[in-house]
Amino acid sequence: MKKELNVLLLVVLMICLSSSMVWAAESTAESNAVAIDTIWTLMAAFLVFFMQAGFAMVESGFTRAKNAGNIIMKNLMDFSLGSLLYWACGFAFMYGAGNAFIGTDGFFLVGGFEHLGLDIPLAAYWIFQAVFAATAATIVSGAMAERTKYSGYIAYSVVITGVIYPIVGHWIWGGGWLSGMVDFAGSTVVHSVGGWAALAGAMVLGPRVGKYNEDGSINAMPGHNLLMASLGVFILWFGWFGFNPGSTVAGTDLSIASIAVTTNLSAAAGATLAMITSWWKYGKADVSMTLNGALAGLVGITAGTAAVNNVGAVLIGALSGILIVYAVEFIDHLHVDDPVGAVAVHGVCGAFGTLMVGFFAIDGGLLYGGGVDLLITQAQGVFATFIWTFTTAYVLFKAIDAVVGLRVTREEELEGLDQTEHGSVSYPDFVPLHWKSVEINKNE
Amino acid sequence: MKKELNVLLLVVLMICLSSSMVWAAESTAESNAVAIDTIWTLMAAFLVFFMQAGFAMVESGFTRAKNAGNIIMKNLMDFSLGSLLYWACGFAFMYGAGNAFIGTDGFFLVGGFEHLGLDIPLAAYWIFQAVFAATAATIVSGAMAERTKYSGYIAYSVVITGVIYPIVGHWIWGGGWLSGMVDFAGSTVVHSVGGWAALAGAMVLGPRVGKYNEDGSINAMPGHNLLMASLGVFILWFGWFGFNPGSTVAGTDLSIASIAVTTNLSAAAGATLAMITSWWKYGKADVSMTLNGALAGLVGITAGTAAVNNVGAVLIGALSGILIVYAVEFIDHLHVDDPVGAVAVHGVCGAFGTLMVGFFAIDGGLLYGGGVDLLITQAQGVFATFIWTFTTAYVLFKAIDAVVGLRVTREEELEGLDQTEHGSVSYPDFVPLHWKSVEINKNE
Amino acid sequence: MKKELNVLLLVVLMICLSSSMVWAAESTAESNAVAIDTIWTLMAAFLVFFMQAGFAMVESGFTRAKNAGNIIMKNLMDFSLGSLLYWACGFAFMYGAGNAFIGTDGFFLVGGFEHLGLDIPLAAYWIFQAVFAATAATIVSGAMAERTKYSGYIAYSVVITGVIYPIVGHWIWGGGWLSGMVDFAGSTVVHSVGGWAALAGAMVLGPRVGKYNEDGSINAMPGHNLLMASLGVFILWFGWFGFNPGSTVAGTDLSIASIAVTTNLSAAAGATLAMITSWWKYGKADVSMTLNGALAGLVGITAGTAAVNNVGAVLIGALSGILIVYAVEFIDHLHVDDPVGAVAVHGVCGAFGTLMVGFFAIDGGLLYGGGVDLLITQAQGVFATFIWTFTTAYVLFKAIDAVVGLRVTREEELEGLDQTEHGSVSYPDFVPLHWKSVEINKNE
Amino acid sequence: MMKKVECIIRKSKLEDLVVEVEELGISGLNITQIAGYGKQKGKQEVYRGVEYEVKLKEKLKVEMVVPSDKVDELIDIITDTSRTGNVGDGKIFVYSIDRAVRIRTGEEGEGVV
Amino acid sequence: MMKKVECIIRKSKLEDLVVEVEELGISGLNITQIAGYGKQKGKQEVYRGVEYEVKLKEKLKVEMVVPSDKVDELIDIITDTSRTGNVGDGKIFVYSIDRAVRIRTGEEGEGVV
Amino acid sequence: MMKKVECIIRKSKLEDLVVEVEELGISGLNITQIAGYGKQKGKQEVYRGVEYEVKLKEKLKVEMVVPSDKVDELIDIITDTSRTGNVGDGKIFVYSIDRAVRIRTGEEGEGVV
Ligand SMILES: Nc1ncnc2c1ncn2[C@@H]1O[C@H](COP(=O)(O)OP(=O)(O)O)[C@@H](O)[C@H]1O
Ligand SMILES: Nc1ncnc2c1ncn2[C@@H]1O[C@H](COP(=O)(O)OP(=O)(O)O)[C@@H](O)[C@H]1O
Ligand SMILES: Nc1ncnc2c1ncn2[C@@H]1O[C@H](COP(=O)(O)OP(=O)(O)O)[C@@H](O)[C@H]1O
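Residue numbers (the numbering used here), protein chains in the order written: chain F, 1 to 444; chain G, 1 to 444; chain P, 1 to 444; chain W, 1 to 113; chain A, 1 to 113; chain H, 1 to 113.
You may find that some hints are simply not true.
To be verified - BS3-like mimics (lysine-lysine), calculated; alpha carbons at most 27 Å apart, straight line:
(1) A/11 <-> A/57
(2) H/11 <-> W/39
(3) F/211 <-> A/57
(4) W/70 <-> A/70
(5) P/211 <-> W/57
(6) A/3 <-> H/39
(7) H/57 <-> H/11
(8) H/11 <-> P/211
(9) F/211 <-> F/281
(10) W/11 <-> P/284
(11) W/70 <-> A/11
(12) A/70 <-> H/11
(13) H/3 <-> A/3
(14) H/57 <-> P/211
(15) W/3 <-> A/70
(16) A/11 <-> F/211
(17) A/70 <-> H/57
(18) G/398 <-> P/398
(19) P/398 <-> P/211
(20) F/211 <-> F/284
(21) A/57 <-> W/57
(22) H/3 <-> W/70
(23) W/57 <-> W/39
(24) H/57 <-> F/284
(25) H/39 <-> F/284
(26) W/39 <-> W/11
(27) W/39 <-> P/211
(28) W/3 <-> A/3
(29) H/70 <-> F/211
(30) A/11 <-> H/57
Calculated directly from the structure, the hints in this document are not laboratory data.
Could you put the whole structure together from the sequences, leaning on the hints where they help?
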């Protein structure tokens, strides 16, 4: 009864409202193909949404107990404000009709998107893109953890999802001036943008109190819950099966299967090689590096997941897994304090993975006789994205710092942001103390 | 080999057993459409199942460490006993042929369900409905947390999934006397039923020891793990993408895309506005209120998710997000002790969202020139559901209290239900003490 | 632009590369059916992948805080190394053309797999099989928790996914000599293999320090985080909806719906009966046993999920739920120290469930007048799998013990593997101490 | 002269104790979580079919430094508020203190507490 | 003769204190997490709309057993490093010790610390 | 007269100690988790490529109030059961107690412990 009524009501609604939608009362091969593409895109979007939980767990697991609630709030707002902003203007900037630099039409999803040539409903395409936008924003949260003023962070989050990310997206995916590069699911568009914004944020903020000593030596600040961090990594890996294979936005495109496989192999190789590298370098197989290694493999393959074969995927993953260990150390030695390794994972491995497409793409890759053209295109895109994102984010963070303030006070930081920014603690029944992380070796 | 054999074997089985199933050896557009609808319904059901994990995490995260195991047990049994009961009789009461009040045929799924006019297998429809039924039951667990006798709770759980919920379901979704109202995915059928039963339960039980002082002032009892609570909220949001879009029980119905979008926008607006409201009221952006805000947005949009447009969804979510802050406080000031805010989130926002359809429905809503008819129908349904659920649940809890006892002793409550009801503690390696929640200000 | 370019590029790629793939520019009923089967198989594979997170949470939740990071590493490597190994040789041994004992063709997925008669892309089939292989490996991790040398474990993990599991898989699913038995989704192939290897591992390793007293009495070593364990169980249950219904590798096979229902009913019955049994035996409803009971029901139904009806499923689940309580105790009384109950859940209930198909199969089951033929075939498969797995695993563990060493020293074990094997602790902000698990009653 | 009065009490008795103690005019104290071992019989618990006795009980140690003349009164208050009459109620120990200093001001002596 | 110097300090002061104390030649100490209750006003916190005052503050108790002649100096160091001037800085208490033994060697007396 | 014997021991030594102590007829004790800092070299640990030394070691503080005449014997038992011979074994400190009260009964003196 009710269902039928609703369906009827909806049919009417759909016909009135939807512009870009194929609809048929009677099932045909065409209508079925559209339905298949739609449910595929939606399921993939749901999986990518779930990555928000993964990010929240990884970031809070890799930081201290006294800031867990603050991480939650930042991630939740990245997605909540991000969804609203991406609806209001982000999607228009990215996919609206416009010029080679920016889209200028389609705010609030009102306007024509025929040029996208979608078979699936615009709503399905939008939600898939919206969860991507929120991912880029969330990446930054980890690098700025444990010392950022909540209000300042909110200001940043609004701008990246509403403006910075959509513009890069327009360049590469929205028909802009970098459309020639191969960045299938966003090693550059999503991850590098997040990673470079994270770099700018961590630089403007400065390191956490007690992270670097006067003599330049580094103190470790172990994350408070590796089990949660590992759960986060599993959730992210799970979500990546929406991120990469879903980027076909078509379930009838059977390459989704091989994309799933290259994604998985690269992640597996990334985790394995990061584990081995840390074992070799530090004498023990490091848990948090191995977790980062899996993410490195995932980020690395994201650009070329549909363009490389299995061997290429394993190699890209393996190299990303090795790279991440050195990149995390390198950034730390620059005294850029990135508690969760976001710059290394998303920025460095994202750029690396995008470049690797120039080598490993079956069609056009250097190693497959395709010459250096693709490689140059890729490098150009990587470079342009870096310049754009780092510059705008840096300016943005400086501006926020000047206006509302970007960093909490030293006392607030020592007390913990949960208490000072949100008025509550995340684990009131337990007594968190950083015995393991108390550094008694300064000045000695 | 084995697969083929199995498939063959299954074909035979299917032909013998299934009554309501379309089957074709050769693929046709029709058979494909049925397959698409089936996999959509199943994937949605799996997502909704996963919400059980979300509820368990939210509820235990928002309560104290000494009762975490008890919450797990209640949620696990809500779903396990619920599945068995809904198979035995719940589904028959809800969707079986019968009268305007109750279904009377189809116990143990034996009997005719042709009147449902399903194209998908009955089994697919059943499992989708079963996970909904369990959701209604689980909502109550949170409101009754930290003081309910386990055996008493089990008794309640059996009755709500087996009888109370199916009857409301029959009225609104099963062809009963409230079929006219628009409650697409169950703001009323599922959430309000859970919320009002929770209200009855919390009232009959009385508040936790130490919650309210003699002078009427209120003590805070902070939840023991906000990180787990936030994970729970992310899982619930993820699961809601099965809950709402899945309620088409058809993947070929392309409105699933716009439903996913309204669901997401409302949740985003709910979280954002609850965050802002708490910031404004308490001076700090409250973590647990913001988490509740996301849920409020989700519950609020559930009735109208297929009937409103994006602007409507954002408004419903935003209003729900504001409402939740006041509703939680209001219920607390009534001295109804609801540790997780279940009554406010599911009861109040469920009812509110259902009413809002009367305003925001594109077709029939007051704001779109549809007059007050729909609004009145909605109000009628909200009211009838409240009366029925609150009354039956209240009587039920009183009866349980008289027969097996509903509440543990004061000593058991202080010791924690994990210890006294289940003989083990959830975190033996840590030493939970409620320093933060110890209230030393009584009588001073 | 970019998407279209990619799609074009991919079409070309697909045509060149894929052997077993149906591809069509124009949608037809056949091409749609293939797409439906592909997305179903992939989504199911993703769900099964997510079970890795479930295993990690269950196993670490049921063990002590000082070993949580080690569990994470083992599970992550089971999947990462497992994926690579299964790509290199496991899949070839299992599904490659060969003899009744082992496949001998198709290493690195290179070679002909036409004999599988797949309609979906080989890549989709491979990833579904790969996540199964990793599951078998991961099961063992729990039984060997808290005392195994990391390097020794890695050595084992490589061999089981690369050789031991694929060979059993070949026998039963790959066209080998046990093809006649009904093991739809792997009660025997996956779970018993994992369970019996776990048994061999736990036996070779010996019990944890302090587990059994000189007088033969047993000490309890409670798991450190029941909330995480319960989350793990919910994730596993969720993943099982990919495991069982996904094993059709066809979304157009509508039996997926009834498979989902039998899976769910059995799990529900398993949890319920384990809860009741523990209540009856110990006077209180035991949390960890109930969690194990849900898993027991899931493992038990896996063989017969497509062959039994709902009543059969409920009975198999209920019996598995009762059995698990006794099996856990029995194994403990043999002084085989299995911290998480992996042998009981996966080994015993896997074998039990496989045998039950001989009774409950609608087609061929003893109780449905099918005689004892099927039962005998099932028993034969159960027995052969036990002999093969237990023997090879036992020899393997002994060999590893001799070469690299299988067990850490007593001091390392007391200190915790996180510290000694990985150089970090999982909860540095909290102070884990085993007050509850300190046993002061020895010698008294 | 000052004394440290240290008492081991049940967790559930803390709130009452603090309220009463404050009325006596003792404005500060310290609480430590401890595991106590005593005559109190551990509860027989069951974990996965294995019975075990938990002999260590979670208790609280409350320390109060007070002028000597308040000790008697304080002991009365503690025994009054913390007694249930069952084994496991806890103990009170009194120690002598040589010096007491308030860090904030550097002042010493009875004024400190 | 030896004394036990016990001080209650803010969590954030631990590192400085340990570094200074070591320079004095005191090579060992013990740290315990405690909940302190004192004049320090609890922060007004809000949880889900309910205001509540957290009267118990997390503090650290640091215990050092030292030869009597070092006590004065040690007290100076503690007050110096741990003072912020705000209520809640904490206290120092000094106790007499009868005996001290090093478990590793069994030796007794001042050499132990 | 009664004494408090307080010992700092390694976590792994607790069980043995309690068993032995009980044989001596001492029926109660308290255990506190502490972070010890001493001569014991911290293990060099590595977290994400950063080497760091953990100077604070998790130790247990065990407190037993006993009649004076049992102190010597008790010290022997502690050193016996808790010695490994490596740096970090811990210390024993003995204090005088002025009074001891059993909360349950209100009784005072040696019968209390
Ligand atoms: N000799 C002792 N020294 C220090 N603490 C003790 C001693 N005896 C008992 N306690 C503490 O007092 C608590 C209660 O003691 P117990 O003997 O169980 O009961 P009661 O105090 O009622 O006689 C113990 O849990 C322990 O913390
Ligand atoms: N009488 C006391 N006995 C034991 N500890 C005390 C006493 N008074 C205060 N303390 C401890 O000292 C801490 C600081 O005391 P407080 O009165 O808040 O500030 P201040 O020391 O600056 O005067 C308290 O949190 C408590 O731990
Ligand atoms: N002066 C001291 N005062 C209080 N506790 C001490 C002192 N010196 C050492 N300790 C405690 O004893 C423990 C062991 O001391 P350490 O010097 O490392 O080895 P050892 O006791 O074998 O000489 C330390 O971790 C600390 O807890």
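Hey, residue 39 of chain W versus residue 11 of chain W, does the alpha-carbon distance stay inside 27 Å?
With a Cα-Cα distance of about 17 Å, the restraint between residue 39 of chain W and residue 11 of chain W holds, given a limit of 27 Å.
Going straight from one Cα to the other, do residue 57 of chain H and residue 284 of chain F come out at no more than 27 Å?
holds (21 Å)
Check whether the Cα positions of residue 57 of chain H and residue 11 of chain H lie no farther apart than 27 Å.
holds (10 Å)
Does residue 57 of chain W sit within 27 Å of residue 57 of chain A, going by the straight-line distance between their CA atoms?
Between residue 57 of chain A and residue 57 of chain W the Cα gap is close to 24 Å, so the pair holds against 27 Å.
With a cut-off of 27 Å on the C-alpha distance, tell me whether residue 211 of chain F and residue 57 of chain A pass.
With Cα atoms ~26 Å apart, residue 211 of chain F and residue 57 of chain A stay inside 27 Å; holds.
Quickly compare the C-alpha distance for residue 398 of chain P and residue 211 of chain P to 27 Å and report which way the hint goes.
holds (22 Å)
Pairwise hint evaluation, residue 211 of chain F against residue 70 of chain H, where the allowed Cα distance is 27 Å at most
Cα-Cα ~49 Å, so violated.
Run the distance test for residue 39 of chain H versus residue 284 of chain F: straight-line Cα separation, threshold 27 Å.
Distance ~25 Å between residue 39 of chain H and residue 284 of chain F Cα, so the pair holds.
Does residue 11 of chain A pair with residue 57 of chain A here, judged by a C-alpha cut-off of 27 Å?
holds (10 Å)
Between residue 3 of chain H and residue 3 of chain A, does the CA-CA distance stay at or below 27 Å?
The hint holds at about 15 Å.
Restraint check for residue 57 of chain W with residue 39 of chain W, where alpha carbons must lie at most 27 Å apart:
With a Cα-Cα distance of about 11 Å, the restraint between residue 57 of chain W and residue 39 of chain W holds, given a limit of 27 Å.
Holds or violated: are the alpha carbons of residue 39 of chain W and residue 211 of chain P at most 27 Å from each other?
Holds: residue 39 of chain W and residue 211 of chain P sit about 25 Å apart, inside 27 Å.
Of the numbered hints given earlier, the model fails hints 4, 11, 12, 18 and 29; all others are met.
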